[in-house]
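These are the residues of each chain, in order.
2 protein chains.
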Amino acid sequence: MEEKLQRLKTLLGEMDDLARASAVLGWDQQTYMPPGGGEDRGNQLATLARIEHEMATSDGVARLLADLEHYAAGLDPESDEACLVRVTKHGFEKSTKVPGRWVSDFAQLTTLSQEAWVKARQNNDFAAFQPFLERVVEMRREYASFFAPYEHVYDPLLDDFERGMKTAEVKAIFDGLRPEQVALVKAIAAKPQVDSSFLKLKYDEQAQWNFGVEVISRFGYDWERGRQDKSAHPFTTSFGSGDVRITTRVQPDYIGTALFGTMHECGHALYELGFAPALRRTPLANGASMAVHESQSRMWENLVGRSLPFWKHFYSRLQSLFPAQLGNVSLETFYKGVNRVQPSLIRVEADEATYNLHIMLRFELELALIDGSLQVKDLPEAWNARMQEFFGLTPPDNARGVLQDVHWSAGYFGYFPTYALGNLVSVQLWDRIQRDLPGLQDDIEQGKFDGLLNWLRVHIHNVGSKFEPQVLVQKVTGSKIASPAYLRYLKGKYSQIYGL
Amino acid sequence: MEEKLQRLKTLLGEMDDLARASAVLGWDQQTYMPPGGGEDRGNQLATLARIEHEMATSDGVARLLADLEHYAAGLDPESDEACLVRVTKHGFEKSTKVPGRWVSDFAQLTTLSQEAWVKARQNNDFAAFQPFLERVVEMRREYASFFAPYEHVYDPLLDDFERGMKTAEVKAIFDGLRPEQVALVKAIAAKPQVDSSFLKLKYDEQAQWNFGVEVISRFGYDWERGRQDKSAHPFTTSFGSGDVRITTRVQPDYIGTALFGTMHECGHALYELGFAPALRRTPLANGASMAVHESQSRMWENLVGRSLPFWKHFYSRLQSLFPAQLGNVSLETFYKGVNRVQPSLIRVEADEATYNLHIMLRFELELALIDGSLQVKDLPEAWNARMQEFFGLTPPDNARGVLQDVHWSAGYFGYFPTYALGNLVSVQLWDRIQRDLPGLQDDIEQGKFDGLLNWLRVHIHNVGSKFEPQVLVQKVTGSKIASPAYLRYLKGKYSQIYGL
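First to last, the sequence lines map onto chains A and B.
Sequential numbering of the first sequence, starting at 1, is according to our numbering.
Sequential numbering of the second sequence, starting at 1, is according to our numbering.
FYI, nobody ran anything at the bench for these hints, they're computed from the structure.
One or more hints might be untrue.
[To be verified] If the Cβ cut is set under 10 Å, some of the chain A residues that face chain B in the computed set are:
hint : residue
1    : 25
2    : 28
3    : 39
4    : 44
5    : 220
6    : 223
7    : 224
[Claimed, not checked] Looking from chain B toward chain A, a few residues come up when the C-beta cut is under 10 Å (computed):
hint : residue
8    : 15
9    : 20
10   : 40
11   : 239
12   : 244
Please read all numbers here as calculations on a predicted model, not as lab measurements.
Yeah, the Cβ is synthetic: ideal placement off N, Cα and C, and Gly gets one too.
The task is simple: from the sequences and hints, build the whole structure.
Right, dumping it as structure tokens:
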């Protein structure tokens with residue numbers, strides 16, 4: 001059996017090689033590839049994906065898994081080996097239930113659908129996008145059908161991002177979250193607004209870049225095992241345990257994008273750099289889920305990077321880089337400015353207090369699309385109605401409404417809720433960390449992050465994707481994913497900032 | 001049969017995708033990869049190579065080729081289809097004659113051998129490298145044996161770089177070339193030396209880079225389908241017809257490296273960018289051979305870039321960028337300086353007149369190693385003896401002698417002669433181009449290169465690797481690869497510069 005396990009690991013290692021090779025090609029595509037490279041790059045990525053899919057669904061893997069399942073049942077269920085067999089089997093079953101024909105049809109559809117979305121957003125023309133989205137929804141419903149029976153038709157979609165989690169769980173969490181978050185935003189809106197105009201001045205791009213590099217070096221980002229480049233949409237990508245890269249976007253007239261974007265991506269990267277060496281080149285060398293991944297990025301971006309202790313340490317340095325812009329802005333004013341709450345139309349520009357509302361809006365709508373209770377043609381109206389209900393705003397056009405995000409055009413249904421779940425998890429972890437590390441706030445005020453990073457390494461990073469997200473969060477925090485901690489955090493923070 | 005041809009093309013396209021994906025990974029490794037990425041990158045490249053080899057030697061390809069051979073025999077032998085079947089069959093037969101076990105053993109050996117070479121060169125310790133080189137020579141002799149019977153044991157090695165060419169042909173060419181080139185170098189040495197000290201001053205690196213970009217933009221390098229980055233060893237790499245990249249190295253205290261290196265790599269890149277679209281994603285979208293590839297790089301570097309007409313156009317621009325260094329250097333002095341002839345120890349620093357001698361020295365030695373008439377332990381002595389014979393120089397140590405090149409440690413036997421053959425081909429083509437384009441020198445003097453590039457596109461680039469190098473050179477110039485044109489060129493040029 002040891003030998004069969006070794007053979008499985010060899011196969012998984014080769015699949016991992018192909019996936020990482022694709023990641024390199026994708027990174028290059030978004031950073032350095034000249035325009036002419038697109039067509040051939042598409043062919044290369046398609047071939048790599050096809051071969052990886054063939055390997056992942058091969059009879060060889062099936063036989064090894066069948067042989068190893070009994071063996072794994074006799075092991076400590078938390079051992080690397082037992083987890084590897086379990087996680088591999090889960091992925092294998094998902095892959096083999098979906099016909100190869102569906103996979104290639106869907107890849108083709110979403111390529112066209114994303115192109116249609118880009119144009120539709122440019123032209124503010126939902127009708128042009130509608131037939132593509134209808135087909136995507138139809139195929140996503142078909143995808144769910146491959147996994148029947150299920151409790152909820154959305155479950156198999158959600159499982160792609162949050163292994164083992166059920167739609168009913170997400171609904172219950174959001175039902176508890178939404179009214180409280182709406183009430184909080186209303187309470188804040190009744191108070192005098194804080195100033196953040198100083199963030200939207202001319203900021204030298206190289207100096208912004210350098211400050212970001214300084215900060216994440218202090219966080220513990222290892223430049224021997226990573227690098228940062230520029231791209232239109234910031235992302236983190238891993239080519240293996242020794243090469244995890246981030247990208248950032250620098251805006252010349254707004255410092256917030258690079259400042260918090262760099263910390264956010266660094267949070268993702270620290271996670272990817274922290275998997276235990278024993279998990280290398282296996283499916284366990286991955287984040288536990290999208291929500292757990294997002295908990296890491298949001299922790300470094302928000303709980304660290306938008307906190308007062310953080311700026312007590314770093315603000316004088318930032319002022320020295322930008323004396324003209326910030327010389328007359330006090331620490332308190334700056335801190336409040338980077339935490340300004342303002343209901344707005346665009347998700348990616350949303351603050352901490354309103355962000356989850358954008359997510360819940362999308363979750364409700366995509367759930368309705370998938371369960372058939374909402375037709376695509378009625379989506380813009382439904383979107384705008386909820387914008388009014390949640391934010392008291394109506395988008396002036398669909399480009400700044402229902403057409404703003406790429407996700408649905410790319411076929412990502414089940415992805416949106418993980419952003420909000422990640423926020424919740426970040427604070428659940430944070431509460432536990434503060435209990436374990438009573439000196440944490442002092443450390444941050446001194447620009448020291450090694451205690452925090454070490455805690456995350458031990459409790460979250462090292463185990464990779466050995467456990468389902470709900471299991472991991474329960475193990476570490478004593479509770480499954482839940483909203484009370486996050487709500488307490490938001491209320492505490494904004495009561496102080498806005499004097500509620 | 002049409003359908004079988006299409007199936008073959010599909011398979012070849014996928015192999016091409018894998019090869020190009022590996023090229024992207026290799027490019028990244030030499031430009032941007034952080035140090036920690038090396039180990040996983042090695043795994044990724046090995047897996048891609050293994051899968052590509054499996055596909056290239058598969059029964060499916062064997063059956064398709066067997067079925068298509070008869071069909072191809074009925075086609076115009078110069079048609080794309082006939083050439084594709086012929087070239088694919090040649091590669092297939094070479095690949096399948098070599099046991100998979102030999103391939104992996106040799107890959108492992110050359111990895112170790114290159115590491116040993118790096119250290120041996122650093123420590124000037126040939127004895128430490130000797131056992132590795134002995135094993136490499138032994139395995140290369142074994143490699144040749146897989147292709148028995150052959151005219152010469154070196155033939156199968158040469159064929160890897162110059163398809164269809166025989167050792168006897170190379171010997172005959174070099175036998176005619178060497179005495180004349182030795183005599184020319186001696187004649188030059190008897191004349192007063194020209195000044196080139198102005199090339200070795202402080203030159204701003206960004207300005208060097210910018211000038212190179214200006215020049216190759218004028219050559220016709222298409223930045224929509226390529227880019228330039230920095231690397232320790234300059235190279236050209238192709239990720240497909242729309243993405244052919246070059247790298248360059250810029251030295252702060254010597255302008256020659258970036259100046260001529262950029263033009264050299266651009267010559268390679270223009271070739272790769274010029275294959276006919278119909279050959280895309282097939283084995284025909286490659287250079288005809290290493291020598292033909294080198295003829296392109298050397299043409300742009302030397303026949304264009306080291307010519308007087310070129311500098312009549314570009315020199316004032318270069319002077320304006322570097323007034324302190326070149327303001328008082330006349331055009332004629334500069335032209336002579338970049339063509340200075342100086343017997344030297346190091347191949348990669350050699351001028352046009354001595355370069356081929358470095359190659360012929362290596363060719364004679366590697367031939368003797370492969371045919372068994374020279375033992376590895378006697379190599380340093382043999383090297384130094386020939387250095388004395390060809391150049392009148394004796395290396396002060398092996399690091400600047402027999403250990404200077406990576407090729408043998410990497411297992412490249414049969415590669416060196418292609419550098420010299422490329423020089424010969426470049427001038428054979430140049431003679432024909434001058435007959436076809438009587439206004440060429442005037443065009444160059446005006447900084448116009450579209451006529452030249454177009455000629456190369458039509459006669460050399462478009463056909464890719466449809467023809468064996470000797471066939472292609474014969475078709476285009478009326479003669480196989482030969483030395484007289486090159487000798488005439490060298491004598492003419494240096495008679496004028498040195499007043500012979």
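- Given residue 224 of chain A was flagged as interface, is its beta-carbon under 10 Å from a beta-carbon of chain B? holds, 5 Å
- Taking 10 Å as the limit, does the beta-carbon of residue 39 of chain A come near enough to a beta-carbon in chain B? Interface hint status for residue 39 of chain A: holds (6 Å vs cutoff 10 Å).
- Query: Do the numbers back the hint for residue 44 of chain A, that is, is its least Cβ distance to chain B under 10 Å?
  - Reply: holds, 4 Å
- If you take the shortest Cβ to Cβ gap from residue 244 of chain B to chain A, is it below 10 Å? holds, 9 Å
- Under the criterion of a CB-CB separation shorter than 10 Å, is residue 25 of chain A in contact with chain B as hinted? With Cβ-Cβ at 5 Å, under 10 Å, it holds.
- Restraint outcome when residue 28 of chain A is required to lie within 10 Å of chain B by C-beta distance: holds, 6 Å
- For the hint on residue 20 of chain B, does the least C-beta distance to chain A fall short of 10 Å? holds, 6 Å
- Query: For the hint on residue 239 of chain B, does the least C-beta distance to chain A fall short of 10 Å?
  - Reply: Since the shortest Cβ distance to chain A is 6 Å, the answer is holds.
- Task: With chain B as the partner, please determine if residue 223 of chain A meets the hint condition of a C-beta pair closer than 10 Å.
- Result: Interface hint status for residue 223 of chain A: holds (7 Å vs cutoff 10 Å).
- Given hint residue 40 of chain B near chain A, where the shortest CB pair must fall under 10 Å: Because about 3 Å separates residue 40 of chain B from the closest Cβ in chain A, which is inside the 10 Å limit, the hint holds.
- Message: Restraint: residue 220 of chain A near chain B, CB-CB cut 10 Å. Satisfied or not?
- Response: violated, 14 Å
- Task: Please verify that hint: residue 15 of chain B, Cβ, nearest Cβ of chain A, below 10 Å or not.
- Result: With a closest approach of 9 Å, the residue 15 of chain B hint holds.
Figure legend: structure checked against the earlier numbered hints; the only hint not met is number 5.
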